[in-house]
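**Student:** Residues per chain, in single letters:
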Amino acid sequence: MYKMASELETMTETRKAKMMAKDVHVFYDTNHAVKGISLELHQDEVTALIGPSGCGKSTFLRCLNRMNDTVASCRVEGEITLDGENIYAPSIDVVQLRARVGMVFQKPNPFPKSIYDNVAYGPRIHGLAQSRTDLDEIVSTALEKAGLWNEVKDRLESPGTALSGGQQQRLCIARAIAVNPEVILMDEPCSALDPIATAKVEALIDELKGRYAIAIVTHSMQQAARVSQKTAFFHMGDLVEIGDTTEIFTSPKQERTRDYITGRFG
Amino acid sequence: MTEHTVKAYDEELKDLRAIVSRMGGLAEDQLVGAIEGLNEFDVTKARHILDSDKQLDRLEIEAEKAAIVVFARRAPVADDLREVVSSLKMTGLIERMGDYAKNISKRTLAISEMGPVALPPVLDQMARDARKMIQDVMDAYVHRDPDLAMEVWERDEALDNLHNSAYRYILARMMETPEKVGVLTHFLMIAKNLERIGDQATNVAEQVFYTIKGIMLEEARRPKHDLTSTELVTDE
Amino acid sequence: MSDNTKEIKPTDWHSPEMNARIKRRYRKEKWFRSLGFTAVILAAMFLVTLIGKIAGDGLYGFVQTSIDLDIPFEESILGNPRELSKAEFEENVRRANMLRIIDAALRDHFPDVKSRRDRRDLLRMVSTGARGQIRDMVLADPSLVGTTQRVSLLASDDIDQLRKGRIDATEPEANRKVKDKELAWYQKLEEEGRVSLNFHTVFLTSGDSRDPELAGIWGATVGSALTLLVTLLIAFPIGVLAAIYLEEFAPKNRLTDLIEVNINNLAAVPSIVFGLLGLAVFLGVMHLPRSAPLVGGLTLALMTLPTIIIASRASIKAVPPSIRDAARGLGASPMQVVFHHVVPLAMPGILTGTIIGMAQALGETAPLLMIGMVAFIVDIPGSVTDAATALPVQIFLWADSPERAFVEKTSAAILVLLTFLIAMNGLAIWLRQKFERHW
Chain U
76 MYKMASELET
86 MTETRKAKMM
96 AKDVHVFYDT
106 NHAVKGISLE
116 LHQDEVTALI
126 GPSGCGKSTF
136 LRCLNRMNDT
146 VASCRVEGEI
156 TLDGENIYAP
166 SIDVVQLRAR
176 VGMVFQKPNP
186 FPKSIYDNVA
196 YGPRIHGLAQ
206 SRTDLDEIVS
216 TALEKAGLWN
226 EVKDRLESPG
236 TALSGGQQQR
246 LCIARAIAVN
256 PEVILMDEPC
266 SALDPIATAK
276 VEALIDELKG
286 RYAIAIVTHS
296 MQQAARVSQK
306 TAFFHMGDLV
316 EIGDTTEIFT
326 SPKQERTRDY
336 ITGRFG
Chain W
30 MTEHTVKAYD
40 EELKDLRAIV
50 SRMGGLAEDQ
60 LVGAIEGLNE
70 FDVTKARHIL
80 DSDKQLDRLE
90 IEAEKAAIVV
100 FARRAPVADD
110 LREVVSSLKM
120 TGLIERMGDY
130 AKNISKRTLA
140 ISEMGPVALP
150 PVLDQMARDA
160 RKMIQDVMDA
170 YVHRDPDLAM
180 EVWERDEALD
190 NLHNSAYRYI
200 LARMMETPEK
210 VGVLTHFLMI
220 AKNLERIGDQ
230 ATNVAEQVFY
240 TIKGIMLEEA
250 RRPKHDLTST
260 ELVTDE
Chain G
799 MSDNTKEIKP
809 TDWHSPEMNA
819 RIKRRYRKEK
829 WFRSLGFTAV
839 ILAAMFLVTL
849 IGKIAGDGLY
859 GFVQTSIDLD
869 IPFEESILGN
879 PRELSKAEFE
889 ENVRRANMLR
899 IIDAALRDHF
909 PDVKSRRDRR
919 DLLRMVSTGA
929 RGQIRDMVLA
939 DPSLVGTTQR
949 VSLLASDDID
959 QLRKGRIDAT
969 EPEANRKVKD
979 KELAWYQKLE
989 EEGRVSLNFH
999 TVFLTSGDSR
1009 DPELAGIWGA
1019 TVGSALTLLV
1029 TLLIAFPIGV
1039 LAAIYLEEFA
1049 PKNRLTDLIE
1059 VNINNLAAVP
1069 SIVFGLLGLA
1079 VFLGVMHLPR
1089 SAPLVGGLTL
1099 ALMTLPTIII
1109 ASRASIKAVP
1119 PSIRDAARGL
1129 GASPMQVVFH
1139 HVVPLAMPGI
1149 LTGTIIGMAQ
1159 ALGETAPLLM
1169 IGMVAFIVDI
1179 PGSVTDAATA
1189 LPVQIFLWAD
1199 SPERAFVEKT
1209 SAAILVLLTF
1219 LIAMNGLAIW
1229 LRQKFERHW
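Residue numbers (our numbering), protein chains in the order written: chain U, 76 to 341; chain W, 30 to 265; chain G, 799 to 1237.
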C-alpha cells in the first residue's frame, strides 16, 4: 500500500530481524553455489528472492531451515541466526528448527492421507494438542487462516490428494501453519498453479505476512513485485542488490538488476 | 464491479482515486476563491489562492508516484490500465486548471492597484459555468457516469460562445473607455483563463469517458467555437 | 549474384518412394503384431495342455472306489457293549481282528469261494483301511454289535484302478495286476450295484501311507504351512528392516555398495546351495532336529531374504522424495519420516515382493531334500520341531512310487500345490490393490 512520502520519512524503525544470514557460503563438493550472502528477514514482511536459474536462491533458502543437511555433498559456512541463535550450533535440534521455520514447496505435496490428517500431522508429532478437541481447533484455525476452511469443512476426511492444485498448495500452507512457525519459507509456491490459484495464494501470503516472517523464492519478477516488501536479486551465487520492492522495480541501483528485471539479460 | 483477489491491489487503486478526487475538489475551490477575490477585489483572498496552488502541485507529484507504484507492482491491464493512465493525465489537467485559477488571482492583484471597476456580468457567468463543469466532471469521475462526462464535454461549446461574447463586450468597452484599457485587458485575459479552464475540464471528461468506456471521444467531434483568434474588430 | 545458400527441397509426401515406405512400414507392423499374437496363442496352448493333462489325471485322485458289503457286527469278535464297561469295550474293539468280520462278509457274499488262497485274494479286494472304518463305526455306535449292516468299504488300489478304467482287460493275464478271477468277482459286485466311486475326503485329511487309497496330503500341507510360517516370521522382519536401513539410513559408501552387490548375487544362487548350508550349519553345528519345519523354514528364509530385500528396496526407492521433503519440512525426525510416510507408501510393493518370495519358497524342493524333509512321515506334524515333509517333496516321493494308483495321487497333489500358489498370488494382488495409495 502506498504511503505519503511525508509519512514514510517519519517512520523511523529499527526492527529486530527475525532471521539473519551473515556471510553465508554454500558448497556442493567443489561447486561454490552461494557466495557470501548477508540478509535479514523481518516479521510483518515478505522478502522475495529473485534471479535467473541456478543463481543459488533456492539453495540459500534451504539453508534457512537446514534442509540442505540431507544432501550429502553440501557444506554450509557462515552464520544464520533465528532470534539471535545460530541455527547450525550443535545444541540446536534440527527437528524443532524445522517446526519453527516452516517450508512450502514448489509442487504441492500433500500426504496421501485425509485433509484433517494432513493438517494434524505436524501438531501430532510435536505434541501440540492435548486432546482431540484441541487438535480439531488447531486444524480448523489453520485451514481458516489458509483460506481453505469454507471449501473443505464438509469433507475433512476425504483425501488431500483429491483437491485441485491450488487447493492442495493452500493445504500445504495450512499444514505448515498448524505447527505455529515463526518463519515461513516458500520455494516457488505458485509455479505449478494456474493464474486464479496463484492469485488466491498471493492474497493469502499478503494476509499471512502480519503474523510470520516470509521469504519467497520466485521465478516470476512480477510475482515478486506484487507480493513482497523487500526484494533480493541473486546472480551466480552473489547477492547483487537488496532493497525496498518499489525501489527495485522503479529505480534499481545496480545495472545487473536493471538488466534482469527489464529482460535485457543474456 | 468485482474486487481483485489480492485486496492490496484494490487498496492501491482506491488511494490513487482518492488523490485525483481531492485534486478536483481543490481545483474547484481555487476557482471559486479566485473569482470571489476578483469580485470583492480582496487582495488577501487572492494571495491565499496563490499559496494554495503549491498544494495542488504537491498532490500531482503524489499522484504520479502512486500511479508508478501501481504500474511497477501490478502491471495493470484492461480497465485497470486505462484507469491508471487516465489518472496520470487527469492530474496534469487538473493541476493546469489550478494554474489558471492562480493566474486569475495574479491578475486580481494587478487590478487591485488600478482602482475598482465593475466586473462584466458575462465573466461572472463564465466563472459559474466553468465551476459547474469542474464539479460535474469530478462527479462523473467519482460515480463512473459516462453520460454525465459526455454532457460536460458538450458544454464546452456554450462556454466558448460565452467567451466570444465576453471578448466582444470587453473590446467594445475598451473603445468606449480607453482610459480603462489596462483593467479591461486583464479582464480579457481572465476571460481567456476561464475558457481554458473549460477546455481542461472537457479534456478531463474525455479521460473519464475513456476510462469507463474504453473508446476515445474523437478530437474531430469536439466543438470548436472559439473565434477569438480569428476575429477581426472593425470600426463599426 | 552467387547462390551459396543451400536450398532445402520441399519433401514430396506423395511420391511413389514415400508410398512404398508407408506400405513397408504397415507390413512390418502387421507382421510384428501377428508374431506377438502367435506367441501368446502358443503359450496359452502349452499351458492348457499341461494343466489339462495334470487335471485329467489329478481329478481322479480326489475320488476313490468303495464296495458295499453286508457286514455282520459279531459279538463274539467285538464284545458285548452292554456287559462290558466302556473302557473294556473300547479296548476289545481296538484289539479285535476286523479281518475276520470282513472275511465273514465276503464268504457270505461269495459262497463258491472255497480255497484258502482264493479267500485271501478275495479279502485283498478290500483295502486294509477298511478295518479302521469298521472300528470307527462300532466305537461311534456300539449298538451296531449284533446287527448286520450294509457298509461302504474302501476298495483296494487295484480294484480302484480297475473301476477307473486303468486296467486293460484285453492284456494277457500275466501282465495284469488284476487276475481273471478277481475280474469275475468284481463284475459280480458291479452288476449288483455294490461298486461306487465317491469323493475321497481322506485324501485331504490324512497323512502319507504305503497304500495309495489311504494316502493323503494333509501331512505335507501342514508341514509346508509350518515351514512357510517359520520362513515368513524370520525373513519378513529381517528383510524389510534391512531394506529400510540400507535405503534410508546407511551411509552411501563402498561398503554399502559391496553389500548391495552381494545381496543381488545371493538372489541368483541355486537353492540347493542353501540346502547344503542348512545341512552344515543347522543340522551339523546347531544340531537342530532333522526333517523339522524349523530347519526347513530357516533354510528357506535364507533363500527368500534377498528377494524380499530387493523388492522392499525397490518399493522404498519408488516413494517420491517430495513426500519425504514435506515430512521433513514439518519437523519430522528421520525415523518418523520413514515409519510414518515412506513405509506405508512402500507397503504394497513390500507385501507383493514378500508373497511372491513365499510362493517361491512353497515350491522349493532341493533345499528341503538336503536337510532331510524327505522321509516317510505318516503323522501330521504338531509343532515346528516335529518331523514333517512338504508338499513339493511329497509330490516328488509319490512320483517315485511303483504303484499305479500313485500317478493320479501325484497329479492331484500337484493340483493342490497349484491351488495354493494361485491363492497366494491372488492374495498378493488383492493386498496390493487394497493398500495402494495414490499420491
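Treat the hints as calculated values from the structure; they're not laboratory data. The reader is advised that the hints may include incorrect statements.
[Said to hold, decoys possible] Restricting the straight-line Cα-Cα distance to at most 30 Å, the calculated cross-link-like pairs of lysine-lysine (DSS-like) are: (1) U:K228 with U:K91; (2) W:K209 with W:K74; (3) W:K221 with U:K182; (4) W:K161 with W:K74; (5) G:K986 with U:K188; (6) W:K209 with U:K220; (7) U:K284 with U:K182; (8) W:K209 with W:K221; (9) W:K43 with W:K221; (10) G:K1232 with U:K228; (11) W:K36 with W:K135; (12) U:K284 with W:K94; (13) U:K110 with U:K97; (14) G:K975 with U:K182; (15) G:K1232 with U:K110; (16) U:K110 with U:K91; (17) G:K975 with G:K962; (18) W:K94 with U:K328; (19) U:K110 with U:K328; (20) W:K242 with U:K220; (21) U:K328 with W:K118; (22) U:K328 with U:K182; (23) W:K83 with W:K94; (24) W:K36 with U:K284; (25) G:K975 with G:K986; (26) W:K242 with W:K161; (27) G:K851 with G:K912; (28) U:K228 with W:K36; (29) G:K986 with G:K1115; (30) W:K161 with U:K91; (31) U:K188 with G:K1115; (32) G:K1050 with G:K912; (33) U:K182 with G:K986; (34) W:K43 with W:K135; (35) U:K284 with W:K161; (36) U:K182 with G:K977.
[Stated by the list, open to error] Pulled a few chain U residues facing chain W out of the computed Cβ check, cut under 8 Å: (37) A274; (38) K275; (39) E277; (40) A278.
Ideal placement from N, C-alpha and C gives every residue a C-beta, glycine not left out.
**Student:** Does each hint fit the structure? Answer for all of them.
**Tutor:** Hint check results:
1. Taking the CA atoms of K228 of chain U and K91 of chain U, the gap is near 38 Å; set against the 30 Å cutoff, the hint is violated.
2. Of the pairs offered as hints, the one joining K209 of chain W and K74 of chain W holds, with about 24 Å between alpha carbons and a cut-off of 30 Å not exceeded.
3. Restraint check for K221 of chain W and K182 of chain U: the C-alpha separation of about 66 Å exceeds 30 Å, so the hint is violated.
4. This hinted pair checks out: K161 of chain W and K74 of chain W have alpha carbons roughly 21 Å apart, not beyond 30 Å.
5. Distance hint between K986 of chain G and K188 of chain U is unfulfilled; the C-alpha atoms sit about 74 Å from each other, more than 30 Å.
6. Between K209 of chain W and K220 of chain U the alpha-carbon distance is near 76 Å, which puts this suggested pair outside the 30 Å criterion.
7. A threshold of 30 Å between alpha carbons decides the hint, and for K284 of chain U with K182 of chain U the separation of about 22 Å falls inside it, so the pair holds.
8. A C-alpha spacing of about 18 Å is found between K209 of chain W and K221 of chain W, which places the hinted pair at or below 30 Å, so the restraint holds.
9. Distance hint between K43 of chain W and K221 of chain W is unfulfilled; the C-alpha atoms sit about 35 Å from each other, more than 30 Å.
10. For a cut-off of 30 Å, the pair hint linking K1232 of chain G to K228 of chain U stands: about 27 Å separates their Cα positions.
11. A C-alpha spacing of about 45 Å is found between K36 of chain W and K135 of chain W, which places the hinted pair above 30 Å, so the restraint is violated.
12. The straight-line distance between the Cα atoms of K284 of chain U and K94 of chain W is roughly 24 Å, inside the 30 Å bound, and the hint therefore holds.
13. Of the pairs offered as hints, the one joining K110 of chain U and K97 of chain U holds, with about 11 Å between alpha carbons and a cut-off of 30 Å not exceeded.
14. Pair hint K975 of chain G plus K182 of chain U does not hold up; C-alpha atoms about 78 Å apart against a cutoff of 30 Å.
15. A threshold of 30 Å between alpha carbons decides the hint, and for K1232 of chain G with K110 of chain U the separation of about 50 Å lies outside it, so the pair is violated.
16. Straight-line distance between C-alpha atoms of K110 of chain U and K91 of chain U comes to about 24 Å, which keeps the hinted pair within the 30 Å bound.
17. For the proposed pair K975 of chain G and K962 of chain G, the alpha carbon gap of about 14 Å is at most 30 Å, so the pair holds.
18. At most 30 Å may separate the alpha-carbon atoms for a hinted pair to count; K94 of chain W and K328 of chain U meet this at roughly 18 Å.
19. Taking the CA atoms of K110 of chain U and K328 of chain U, the gap is near 20 Å; set against the 30 Å cutoff, the hint holds.
20. Pair hint K242 of chain W plus K220 of chain U does not hold up; C-alpha atoms about 38 Å apart against a cutoff of 30 Å.
21. The straight-line distance between the Cα atoms of K328 of chain U and K118 of chain W is roughly 28 Å, inside the 30 Å bound, and the hint therefore holds.
22. For the hint pairing K328 of chain U with K182 of chain U, the CA-to-CA distance comes to about 34 Å; that exceeds 30 Å, so the pair is violated.
23. Note on K83 of chain W and K94 of chain W: the hinted pairing holds, with a Cα-Cα distance of about 17 Å set against a maximum of 30 Å.
24. For the suggested pair K36 of chain W and K284 of chain U, the alpha carbons sit about 14 Å apart, so the restraint of at most 30 Å is met.
25. Our distance criterion of 30 Å between C-alpha atoms is met by K975 of chain G and K986 of chain G, whose separation comes to about 18 Å.
26. At roughly 23 Å between alpha-carbon atoms, K242 of chain W and K161 of chain W fall within 30 Å of each other, so this suggested pair holds.
27. Distance check on the hinted pair: K851 of chain G and K912 of chain G sit about 44 Å apart at the alpha-carbon level, beyond 30 Å; violated.
28. A C-alpha spacing of about 24 Å is found between K228 of chain U and K36 of chain W, which places the hinted pair at or below 30 Å, so the restraint holds.
29. Restraint check for K986 of chain G and K1115 of chain G: the C-alpha separation of about 72 Å exceeds 30 Å, so the hint is violated.
30. For the hint linking K161 of chain W to K91 of chain U, the alpha-carbon distance of about 54 Å lies beyond 30 Å, and the restraint is violated.
31. Among the hinted pairs, K188 of chain U with K1115 of chain G is consistent with the structure: their alpha-carbon atoms are about 20 Å apart, no more than 30 Å.
32. Our distance criterion of 30 Å between C-alpha atoms is broken by K1050 of chain G and K912 of chain G, whose separation comes to about 88 Å.
33. Restraint check: the Cα-Cα separation between K182 of chain U and K986 of chain G comes to about 85 Å, which exceeds 30 Å; the hinted pair is violated.
34. For the hint pairing K43 of chain W with K135 of chain W, the CA-to-CA distance comes to about 35 Å; that exceeds 30 Å, so the pair is violated.
35. As the CA atoms of K284 of chain U and K161 of chain W are separated by approximately 46 Å, the hinted pair breaks the 30 Å bound.
36. Taking the CA atoms of K182 of chain U and K977 of chain G, the gap is near 84 Å; set against the 30 Å cutoff, the hint is violated.
37. Restraint check, A274 of chain U versus chain W: the minimum CB separation of about 4 Å is within 8 Å; hint holds.
38. The beta carbon of K275 of chain U is positioned within 8 Å of a beta carbon in chain W (closest approach about 6 Å), and the interface hint is therefore held.
39. A hinted interface residue such as E277 of chain U counts as satisfied when its beta carbon comes closer than 8 Å to some beta carbon of chain W; here the least separation is about 5 Å, so the hint holds.
40. A distance limit of 8 Å between C-beta atoms decides the matter here; for A278 of chain U the minimum to chain W is near 5 Å, and the interface restraint holds.
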